[in-house]
Amino acid sequence: MPVILEAREIEKTYRMGKVLVLALKKVTLEVEQGEFVAIFGPSGSGKSTLLHVLGGLDRPEKGEVCIDGINLSTLNDARLAEVRLRKIGFVFQFFNLLPRLTALRNVELPLTLADVSEKESMQKATDMLELVGLKNRVNHKPTELSGGEQQRVAIARALINDPKILLADEPTGNLDTTTGWEIVRLLKRLNEEKGQTFVVVTHDQSVAETADRMIYLKDGVIQSMKENRGSVHP
Amino acid sequence: MAWMNMKQRRFRTSLTTLGVVIGVTAIIGLASLGEGFRVIIRNEMEQGFELNVLTVMSGGLLTGVGSYFTDEDVKNISQMPGVTLATSIIQKSVGKLYNNSKNSTALVLLGVNYTEFVQIYPERLAVEHGIWPQSIKNDTSVIGYNVEHPTEGDIFANSGENVTVSMSFTSPLTGRYFQNYTFNLVGSLSKSGAAGFINFDDTILIPIDTARKLYNTTNSDMIFVQLANPSYSESVAQAISDRFGGEGEVRVLVPAAFAEQVETILSMVQIFLSAIASIALLVAGLGIMNIMTVSVLERTREIGILKAIGAKSRTVLTMFLAEAALIGLLGGVIGVPLGYGLAQAMGQFLFRVSAQVTPRRSIITGTETHPITAVTPILSLQWAVGAILFAVGISVIFGWYPARKAARLNPVEALRYE
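Protein chains in written order, with our numbering: chain A, 1 to 234; chain B, 1001 to 1418.
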């Protein structure tokens, strides 16, 4: 399978007051198309920072990130935004939906930014919401939806532009266990049925163990990589 | 999207827009009122000021010493290019007028050529009682409105009656003295107002030949020069001045030049007033800046989300600027008609003063001139469009800083913002 995401010797420092903290130290990894990868580690291990760097939300001080053959370090901010729009989907711990927009409008947002026609984007967004099981919640606002439902909307939004890779930052972190597992199952289903590539950051080992591959990160350094059977916990 | 955001914050947006509305209203109100006022003054000047009539007087030290202009001078001026008529005038001061037991006062006695004089002021001169003299005798006279009515409602003399004028003379030996002469009144003038230095309402007109005989001269004190149109003013004034040996010897009163000055002053006043009104719009701009800065803070996380899912900085910038521009546009579009309405109301109330009640009817043309009772504000398309563009411009300029702040937010930090 072709490599979708490639990170080479990423270094990223943080400024905490007057002290510079090295958040990522020479992180190198590859993700193949169709893979479901979990980045797992305790809080403060730098996994969210890594995800931001991998997704072009943040720039590393050293090293390179290539997505679908595009070296992100060579891009200016506008081109980088374009890559985020068309090649990457993001799912966050706190859902990050726009509170004043309906589920449908939230899902349509990336299409609007990509100048897709109103009619087409509405059709696509409706289909996508159906895919994540929210056919009946299309016109609800985020405050009218449960946490699990909100995360489904966020997943639909992340998938709407057919991204090469979907990056999820603690997607179950703000949900109760049952709902969390529902979300994990949804991600796995999308991975298996659509061949969607995933990188999921989590501090929950049981969630991480559902992935094809588990990358254990601690103190900004990759400690180990482990292939899993990839089955979802019952 | 900008529109959607504004709808969500309806109250706040309304207040901000109201600021712009007030600014634009003030600008348009003052500008259109000023424009209406200017047009009225221009018309008044054209109708009531006879822009095509020059008054030639002896200049400087010679004033009042004696009659200066010969008939030859007058003839020469009347032949200058652009001149349609030049008429001699004797101008003297007078005192009391008597008619049996009644008396009245005239300030100025004018010796005129009746036939020519009425042609110089075809629009201005109108007869109230009697007729304008046709067959002229030595003692044919016409009096002005104030002379005919020493007090409002009172009539000094009817046409056909004889009036005695106490005329003022100056003698090198005895100084100033008065002597009575009697004239036959054939008519009195409607309110005519002033042209140049002379207020016709306070005059008594007598034939110029009689005046010359009484004052023992063959010359004239003044020449009224009528031009084919006002654009000849400068060249004719120059030619006249040259004929009498340059400036200082004679004075040529050019109403067109005066009118031009007045118009310039009025434009300046109009611009000045609008500039003051613009301050209101600047304040509104500060309001927009304030509201948008707060809005950017409030929406930091939202901006972070937008950027994370692929919105460019430019898109965010455009979004916020569009919001500011929309406020400006909305305020402008509401403010323009509001300002015009305000100007209408003010025009009605403020200028219903000192209105002449009766219209004047011209002796020659028979046209009626109606007095002004209100200023009709005039709103030109340029001002309307200009004010709206100005409002949008101010809004965008003041919205620029917060919008740029929003656009430059780092997505990761913005997402972390609570």
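Hints are supplied without guarantee of correctness; some may be wrong.
Not everything, but these chain B residues come out facing chain A in the computed CB check (under 7 Å) [as the list claims (entries may be wrong)]:
#, residue
1, I1136
2, E1302
3, I1305
4, A1308
5, I1309
6, G1310
7, K1312
8, P1411
9, A1414
In silico DSSO-like pairs for lysine-lysine, Cα to Cα no more than 27 Å straight-line [claimed, not checked]:
#, chain 1, residue 1, chain 2, residue 2
10, A, K62, B, K1312
11, B, K1312, A, K119
12, A, K226, A, K25
13, B, K1312, A, K124
14, B, K1312, A, K164
Here are the simulated distance ranges between beta carbons [claimed, not checked]:
#, chain 1, residue 1, chain 2, residue 2, range
15, A, M16, B, E1298, 24 to 30 Å
16, A, T28, B, R1012, 35 to 41 Å
17, B, W1400, A, P99, 24 to 30 Å
18, A, R100, B, V1039, 24 to 30 Å
19, B, F1349, A, K141, 48 to 54 Å
20, B, R1408, A, E30, 45 to 51 Å
21, B, R1408, A, P99, 22 to 28 Å
22, B, F1349, A, P99, 33 to 39 Å
23, A, S206, B, F1011, 47 to 53 Å
24, B, I1397, A, G195, 47 to 53 Å
25, A, E120, B, E1298, 27 to 33 Å
26, A, E193, B, W1400, 46 to 52 Å
27, B, Y1401, A, K141, 30 to 36 Å
28, A, N228, B, I1397, 18 to 24 Å
FYI, nobody ran anything at the bench for these hints, they're computed from the structure.
Ideal Cβ positions, reconstructed from N, Cα and C, are used throughout, including at glycine.
Going through the hints against the structure:
no., hint, in the structure
1, I1136, "violated, 88 Å"
2, E1302, "holds, 6 Å"
3, I1305, "holds, 5 Å"
4, A1308, "holds, 5 Å"
5, I1309, "holds, 5 Å"
6, G1310, "holds, 2 Å"
7, K1312, "holds, 4 Å"
8, P1411, "holds, 5 Å"
9, A1414, "violated, 10 Å"
10, K62(A) - K1312(B), "holds, 24 Å"
11, K1312(B) - K119(A), "holds, 23 Å"
12, K226(A) - K25(A), "holds, 20 Å"
13, K1312(B) - K124(A), "holds, 22 Å"
14, K1312(B) - K164(A), "holds, 19 Å"
15, M16(A) - E1298(B): 24 to 30 Å, "holds, 27 Å"
16, T28(A) - R1012(B): 35 to 41 Å, "violated, 50 Å"
17, W1400(B) - P99(A): 24 to 30 Å, "holds, 27 Å"
18, R100(A) - V1039(B): 24 to 30 Å, "violated, 51 Å"
19, F1349(B) - K141(A): 48 to 54 Å, "holds, 51 Å"
20, R1408(B) - E30(A): 45 to 51 Å, "violated, 33 Å"
21, R1408(B) - P99(A): 22 to 28 Å, "holds, 23 Å"
22, F1349(B) - P99(A): 33 to 39 Å, "violated, 50 Å"
23, S206(A) - F1011(B): 47 to 53 Å, "holds, 49 Å"
24, I1397(B) - G195(A): 47 to 53 Å, "holds, 51 Å"
25, E120(A) - E1298(B): 27 to 33 Å, "holds, 32 Å"
26, E193(A) - W1400(B): 46 to 52 Å, "holds, 48 Å"
27, Y1401(B) - K141(A): 30 to 36 Å, "holds, 31 Å"
28, N228(A) - I1397(B): 18 to 24 Å, "violated, 58 Å"
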